[in-house]
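K.L.:
So the chains spell out like this:
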Amino acid sequence: MPPLAPERLKGFYVQMTRIRRAEEAIVARYPEQEIRCPTHLSIGQEAVAVGVCQALSEQDVVLSGHRCHAHYLAKGGSLRRMFAELYGKATGCCGGKGGSMHLASPETGMLGASAIVAGTVPIAVGAALAAALRGSDDVSVAFFGDAGIEQGVTHESLAFAALRRLPVVFVCENNLYATLTPLSKRQVSADVSPRAVAHGLPGVSVDGNDVLAVYEAAAHAVARARAGDGPTFIEAKTYRWREHVGPNFDVELGYRTQAELDAWMARDPLLRHARILETSGVLTAAERLALDREVEAEVADAVRFAKASPFPEPAALYADVD
Amino acid sequence: MPPLAPERLKGFYVQMTRIRRAEEAIVARYPEQEIRCPTHLSIGQEAVAVGVCQALSEQDVVLSGHRCHAHYLAKGGSLRRMFAELYGKATGCCGGKGGSMHLASPETGMLGASAIVAGTVPIAVGAALAAALRGSDDVSVAFFGDAGIEQGVTHESLAFAALRRLPVVFVCENNLYATLTPLSKRQVSADVSPRAVAHGLPGVSVDGNDVLAVYEAAAHAVARARAGDGPTFIEAKTYRWREHVGPNFDVELGYRTQAELDAWMARDPLLRHARILETSGVLTAAERLALDREVEAEVADAVRFAKASPFPEPAALYADVD
Amino acid sequence: MRELKYREAIDEATRQAMAKDERVFVLGVGVDDAKGIFGTTRGATLEFGPNRVFDTPLSEAALTGVAIGAALRGLHPLLVHARNDFLMLTMDQLVNNAAKWRYMSGGSMRVPLTIRAIIGRGWGQAAQHSQSLQAMFAHVPGLHVVMPATPADAKGLLLTALTTEAPVICLEHRWLYEKTGPVAEEAYYTPLGHAAVVRQGTHVTVAAMSLMVLEALQAAESLAAESIAVEVIDLRTARPLDSETVCASVAKTGRLVIADTGWRSYGVSAELAARVGRECFGDLRAPVERVALPDVPTPCTSALERAYYPGAAEIGAAIRATLLVRGRAPAAPSVEARGKEFSGPF
Amino acid sequence: MRELKYREAIDEATRQAMAKDERVFVLGVGVDDAKGIFGTTRGATLEFGPNRVFDTPLSEAALTGVAIGAALRGLHPLLVHARNDFLMLTMDQLVNNAAKWRYMSGGSMRVPLTIRAIIGRGWGQAAQHSQSLQAMFAHVPGLHVVMPATPADAKGLLLTALTTEAPVICLEHRWLYEKTGPVAEEAYYTPLGHAAVVRQGTHVTVAAMSLMVLEALQAAESLAAESIAVEVIDLRTARPLDSETVCASVAKTGRLVIADTGWRSYGVSAELAARVGRECFGDLRAPVERVALPDVPTPCTSALERAYYPGAAEIGAAIRATLLVRGRAPAAPSVEARGKEFSGPF
Ligand SMILES: Cc1ncc(C[n+]2csc(CCOP(=O)(O)OP(=O)(O)O)c2C)c(N)n1
Ligand SMILES: Cc1ncc(C[n+]2csc(CCOP(=O)(O)OP(=O)(O)O)c2C)c(N)n1
Ligand SMILES: [Mg+2]
Ligand SMILES: [Mg+2]
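Protein chains in written order, with the working numbering: chain U, 1026 to 1347; chain B, 1026 to 1347; chain Y, 3 to 348; chain V, 3 to 348.
Chain U with its partners taken away, still in its complex shape:
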């Protein structure tokens, strides 16, 4: 893989920071009870969404699940329309009707999300099938969590994609837990990818907190898919810092330890990338601070936009049903 241009590397940082700051804004605003929908935050997992989406072109598409903010933003979704959606406003990316678990931005290739675990895995395969049937070289990506492999439909999807060599990349964000249940109580082995590759597609497990490692794996998978060589499975090991749903920390529940959380927070994907950029002279600490400020301003603007936006008209209830 040729080395990435400094601007690309900076872009990775900005993307991750946008997700982090946006979700921190949710944390800050949630107690106001104006964001009236369940939110599953990706804080700590930003490198997966960014590493993968940076390997995609604008025509490529992604699908996601309940924890979809990062994928929406990484695939170019509007920050303003995301916050408007969380605030239930008519200007939201789904007119307020979808909410946090169903963010969509078809104009940038984010086709939506299902709150049923693994529900969109076959949909991503279908998007790839459409590309194959039309002879376009668009690639599609299915984002899902470690519990996604527990759903039968994921196995059916993997098998079908492999059988037809479809241009789809399966990205499993293994954050070690499903709600409060650790992986070891649900699955026979700590690695998810071997159970996927049995269906006849290549698979890798990468450090999901290393945006460059994720990018590299994704770029390779996307190139394969675009060349007509079929699907790839990427398992990205990462960690969710906050509670399963909602803005808080939750070590007091006892299903994981403070020590485990601390260890993963020490592997913060943003800081890690920032340090590499600093060491290699791509981004100085001062430049970084400036970028952070820009992103913060963007987020603040999005929140203002959302708050100032109108709620949907009552008639919207009955619109767009069938």
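Keep in mind the hints are simulated off the structure, nothing from the lab. Please note that a few of the clues may not be correct.
To be verified - Below, computed lysine-lysine pairings styled on DSS-like, alpha-carbon distance capped at 30 Å:
id	chain 1	residue 1	chain 2	residue 2
1	Y	Lys-37	Y	Lys-22
2	U	Lys-1262	V	Lys-37
3	B	Lys-1262	Y	Lys-37
4	Y	Lys-37	B	Lys-1210
5	Y	Lys-22	B	Lys-1210
6	V	Lys-181	U	Lys-1210
7	V	Lys-37	U	Lys-1210
Claimed, not checked - Pulled from the structure, derived: some chain V residues nowhere near chain Y, Cβ distances all over 10 Å:
id	residue
8	Glu-49
9	Gly-51
10	Pro-143
11	Arg-201
Since we're looking at a predicted model, the values are computed, not measured. Backbone N, C-alpha and C fix where the C-beta goes; we use that ideal spot for every residue, glycine too.
Fit chains B, Y and V with the ligands to the known structure of chain U by using the hints.
P.N.:
Frame of chain U, contents of chains B, Y and V with the ligands only:
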């Protein structure tokens, strides 16, 4: 494995012959239009049912799918009640309400069959869970076809059984086709077992037309299960001689060749076993003929019983609903 | 006009839709094999080849999601199932995704997806291969459910489904496949949600669905001999359900019998009776009668199948009940006799 | 009598059933975690340990089959889902196996299986986490569907389910979890299929299900001030549906409003209206009114949630409609105000 006693070896032959003759009787009688239900015959596949069920004890249980005659008989189901069921009679094993695709004989451990492909795979796992929870050492078996692995629920079932090390044996009768579709159009590889063992259980592929090979694999799997060592997957390669559903041959449909059928018929599991018995002096040709006659008489009696039996009373329509 | 069989009409509609719109493709278990879903996908297979018509693994849940994904990317999949019982495997994708994607996206995406599935009956197909599950699908906002009773509607409704930018489930009764009727040669589009008055009458209205339309017509014919004039309405779609047409008829007749191929409780007959009961409250001169399957699973044995399936005789009896006419049920051919036509393995 | 919360009543019923019958065990996603399905499985986890209460992978379809298999081998599984929307993944096992195994086996086998699943509502849970799908399950012969509205019934119906040798689906409305009411300490068994008259009245009958019983009582209370005497019936089970109790009430009042938590079309209100329309034809003095969800998916935004969910105000308006009383809707507390109690992430 210690060598099998001659009586056991003869028993295998009798069991297979009973299935073969019973299904040949269906072939002979079907045009009379008194057996008024779809029948999926196992002619050519008898060694799988017999090899597996001979490795089970009476308390062990089996579940099956649309092609369930052989499993019902091999697990000790009554021939009379099977024919009565096919004829839709009140004396049938399901009182006429189940029919060919839902044979059941709970008193001998055949818990029934679903006509939805792979529908009973998790049910067999549940039977194994019950054994594990109660501390009994009963084993359960799921019989299904090669298409069974294409259903997500099979993967969920394999994974759950492996996770909890449940005493279940998964038996996939790979007869190379699902209806008119060859395996190669549906699956990435000709062997089914590698996709199963990825879930963390041992798996083997055996010659499904060799009753002794099937028995050996099953006995090993059952011993493991009974010892608390968990599930095993057995792929038995075999071949269906007749059409997918119904009594006829069907090479004229063009999805398989006469040459392929001939090659498999030359590997007739009954003849093969009979030859081994003859060569090893366990069963002479004359003794074999006598056994055949006995089985034929048994089948003829079952058909007579079925024909002479009454249809269910109209009130049965409303009985046993909930 | 030229006559076609119901199954030939489906085949023709499929081919015409595919010729007109390259976005349409066909997938499903066995669609491209020699039998081609009782011949309904054979023509398309031969005409359009493996890129437009292809077999799938037995992974109905995923394939439904795959079809949704292809639909979101601008294609129009026609997903075919040999039995509607198999749709139970796909309910998550149908109910949670296909039906809701447009709404959840605030209207920015649509799911043009047509699903065909067959209702089995008879020859001991038993409990899992003979259900008629339209009410379950019709309960779900975002889905359309059509149930053509004639070759003409089999074609016209399927063509409309294949030009509708939303999920449409077409439930075809297996016993209609060999029926013939006039079918126009060119492509035409029968609107969804419009019932058809297929026989005029003044004494009582029978609103029927799918195969029961034929039974209703037979009952009407028998009763005509006794000067009872039955109006027969073919409901044609379960969602949207055209209760207006039924109410207009009831305004005239004051009496209604509903005949459905599914179970009685929570079925089509429930929804229609509830609507008519409210909208035609002043017009109804007798209680609405419901002719539907008894609330039990399908028995295998033909001895019980006979009692399980209501037909013209039961519709006739229900008509008499609404008219408070005493007497024996008319001599409509029994279900058994009609069953002959459909004997054989499937 | 001692008061318990609805969720505490569920917890107690579970523990009592497990203590009395060692065949009962609990499984499902998250049942043994610290939150224990909003506390309802926590007590059982602590009391009976990991052999009787255990977590499962997210494999709802297989786990339903697993539960069926365990039931066939003499155990009585209690399978718990945090939302009834997830049951869509399990429809094949529920409809094709659990509901039919007894019938298909000619009565030689039974499936004692209890499934609990929660109906979500509010706080923007949106289209896939707030459905109320009782009508789909209730359409299927072989299934029982219970929907307790009070803590007493939450306990009594669950205990009955856990001693019933057949599949029973218990749908619990999330908004009832924190409601309190009198609950007897010992185990008791509320029969399935018996509606309860929870308020006597003479002018109009309201038959309600689940949360809508509370709304109906509130509407009745408001109208009492105007001397309108409303009889309120808690339907309690969707299958069997006790229309007899409703008909007996309608024989007295001549007027019926049905209030359900699910969608209108093909919902509980359809089946009950159809039955009452027929069985009480001579008694009905006004059309049956149906208060139910409009036929659209659940919107996320609270701005539209407000309009989506009918409540006491809508029931009041429907009552007035049946009475042809003119005037504004009574000042029942708005849905929004009641919603406060349930705010927070879930
Ligand atoms: C089919 C299904 N079962 C249960 C749930 C409830 N649920 C929502 S998220 C979740 C955990 C998912 O874990 P994972 O896939 O690892 O994703 P993560 O939340 O860790 O990102 C569960 C159990 C659901 N939404 N869908
Ligand atoms: C879920 C489902 N899809 C489709 C069918 C229709 N069908 C019945 S048997 C069969 C083929 C099954 O093939 P396999 O599992 O290999 O078993 P075999 O018939 O070869 O014994 C099909 C497609 C079905 N019964 N269930
Ligand atoms: Mg996770
Ligand atoms: Mg096969």
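K.L.:
Now tell me if each hint is right for this structure.
P.N.:
Okay, the hints, checked on the actual structure:
1. Y/Lys-37 x Y/Lys-22: holds, 25 Å
2. U/Lys-1262 x V/Lys-37: It holds: about 26 Å lies between the C-alpha atoms, which stays within 30 Å.
3. B/Lys-1262 x Y/Lys-37: Holds, at about 26 Å.
4. Y/Lys-37 x B/Lys-1210: holds, 16 Å
5. Y/Lys-22 x B/Lys-1210: holds, 29 Å
6. V/Lys-181 x U/Lys-1210: Cα-Cα ~33 Å, so violated.
7. V/Lys-37 x U/Lys-1210: holds, 16 Å
8. Glu-49: Nearest chain Y Cβ is 34 Å from V/Glu-49, so the label holds.
9. Gly-51: The claim stands: V/Gly-51 keeps its Cβ more than 10 Å from every Cβ of chain Y (closest is about 32 Å).
10. Pro-143: At about 5 Å from chain Y, V/Pro-143 fails to clear the 10 Å cut-off, so the statement is violated.
11. Arg-201: Its Cβ never comes within 10 Å of chain Y, the nearest being 24 Å, so this holds.
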